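Just so you know, the protein sequences line up as chains A and B, in that order. Reading the first sequence from the start, the letters are residues 1 to 140 in my numbering. Reading the second sequence from the start, the letters are residues 1 to 288 in my numbering.
To be clear, the hints were calculated from the coordinates, so they are not data collected in a lab. Do not rely on the hints blindly, as some may be mistaken.
Here are the computed lysine to aspartate or glutamate pairs in the EDC-like style, where the Cα-Cα straight-line distance is at most 20 Å [what the hints assert, rightly or not]:
#1 A:Lys-63 with A:Asp-105
#2 B:Lys-93 with B:Glu-82
#3 B:Lys-247 with B:Glu-263
#4 A:Lys-88 with B:Asp-252
#5 A:Lys-91 with B:Asp-252
#6 B:Lys-235 with B:Asp-252
In this text the structure is predicted, and so the values were computed from the model without any measurement.
The primary structure of each chain is shown beneath.
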Amino acid sequence: MKKLIAIVATVVFLPAAAMAETFDDAFDMNRAMHGKGYTFTWSGKQYSTDHLEEVEARVAATKENAEDLIAKAKAKNAEVANVGFEWKLTKGILKDAEAAMVSGDYRKALDLAAQAKYHARIGLEQHAYAENNWHLSVPQ
Amino acid sequence: MKIIKNITIGLSLLMSTQLVFSAQPGTTLASVNPEADRMALQQFFKKRFPDAELADYVNGIYAVDADSRTQWEDLESFPPYEFDVEEGERLFKTAFANGKGYADCFEKGGIGIRQNFPYWDKKAGTVKTLEQEINECRESNGEKPLKWGKGPIAQISAYMAWTSRDNVFDIKIPEGDEGALAAYLDGKKFFYTKRGQLNLSCANCHVQGSNVRIRADLASPSLGHTSHFPVFRSKWGELGTLHRRYKGCHKDSRSQPLGMQHETFRNLEYFQTYMSNGLVVNGPGSRK
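Chain B extracted, bound-state conformation:
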């Protein structure tokens, strides 16, 4: 009887330790804490790359790999996105057929506002991205929407980012708004979930695998990921939006990718940009 009692005590002790490990915080609406997530991610990278400055993470892999940085700095001496910013400004300032323009659709005439996107639209019950609002602006003024991945939408977004350079990201998750928190949690879950035939999560490459080679490339740290979009990628040979990159990454895990501006991708952008709160807008950027 005494042995059974002792084994029961032992088992209870074991089960309680297992429960402590399994009850992970931050996985449910009741326990998720975006600010704690942001600080934990910063601490992770601080420990991983002790020499990198927090503010420099907006430069992606160039914040942590000196050789790549030298090449990138050479590239930035004649920024490949320069003509796109000029074209974006021209498009932004061109009036619609009804005489109105993009400036009429956005706060502060659309100048210097990139740091507030994406945001939780309580009325619509969804996350809104800058590109989404550019197209909504067009449609509400009788114009056809632009394609999501490249071309004019990326150029207009690039111009708007350009006018916002050095503004500090300030993504808000309104207190007590369960919908906003659910969208954040959905984005977080997507980011950390393994998927596709290669069984990879975003985090596998951009948290644990940051600055680790994937074939000939070094994966960038996730901190500051969204700050420099839209981006001119040498691989693309042109400017592209963040969701074009999301789609490509998703496909790289050998998943059937979601469409650009899919709700889950917008929630992912919401989570990722919240992680970059406190860092500055430096879009458009150039990458390999």
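Next up, chain A with everything else stripped away, as it sits in the complex:
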């Protein structure tokens, strides 16, 4: 009887524990609800809803910083294009970032470069997810 209870308890409770809210779920939910610049609590610690790239763009609006972030965004986009998951709007955003830099609007250039880099990073995450899960919608 004890053996049966232990087996049933393991089978029933382990998946439930595994289904607890992950950091990514908590981040996505708070970002969707509150946008950037919001602080939320997950597993007893506080986190910001800012994307990595938004944090990266929060530097002095100088030509050097804009050039650097655009270069990083281009490199990340080349990486995602290489695995066939480049998004449609990213190249256009990069062009706009370069145009803003040329016109001396370094803040705009940094923000656009951050957006393009974010697209590329999520495209890479999408690719990694797809590699393991593409089969899930195949009729069996």
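Knowing the structure of chain A, use the given hints to seat chain B on it.
Below, chain B alone, put in the same frame as chain A:
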């Protein structure tokens, strides 16, 4: 000690069930089975649209939505692709500068052969499409290749499809040919993979989302998808090739689209047309 033993048994049981779920068949060269895929897709649609006849899937959304069908039947009473078929015949029969023609490049003089495309070319180690061979024919006879998406290439392809109407698709994946199977699997993977900013796969709209509204449009079932190409789309206001449509669909998911006749698109066509084996050629077609 006994508790640890019991928990270990429980965990093993749990892990074995997880393994059963994760070891999905049909995702690797060793496990992929095109015929099982074809039957599973047919069964999916049979269950989803029990009143639709299998043979009618060559008519896309018109096989499963009565209102759309009525409009389409009215449209087909004066087929918008008729002049394109005539022009395609004229182009097909016009000799190249060297005196040869398209008929010299194809089996049976290019008449009634649409159902055999695309095919696995073992020597070239790639999937060959009809449009690709039309251009190869031109180039091998000293002519410039045609643009892939519309115009003369679509018209010639439409004429060749017209001469093949009612012929049954018979796409082959040669037994024991790992290259052919890999091309099929690549096409299958592309079809079911979510991509682009909208995170959509072809299957999201054309399997699970078939006959479900996307804004004002109803997505067509994927079964029979390639049978009626090239197609005269009202949205285009002209005839276009299958790869033009692939490019548009790919872009609609907000992906940077592949070029027409890209190897991946040809593999996708190989997979999709294999899924339509047993259905008939009814190209060219007309769609909204």
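Cross-check of the supplied hints:
1. A:Lys-63 with A:Asp-105: holds (9 Å)
2. B:Lys-93 with B:Glu-82: holds (17 Å)
3. B:Lys-247 with B:Glu-263: holds (13 Å)
4. A:Lys-88 with B:Asp-252: The given pair, whose Cα atoms are some 9 Å apart, holds under the 20 Å limit.
5. A:Lys-91 with B:Asp-252: holds (16 Å)
6. B:Lys-235 with B:Asp-252: Roughly 14 Å separates the two Cα atoms, so the pair holds.
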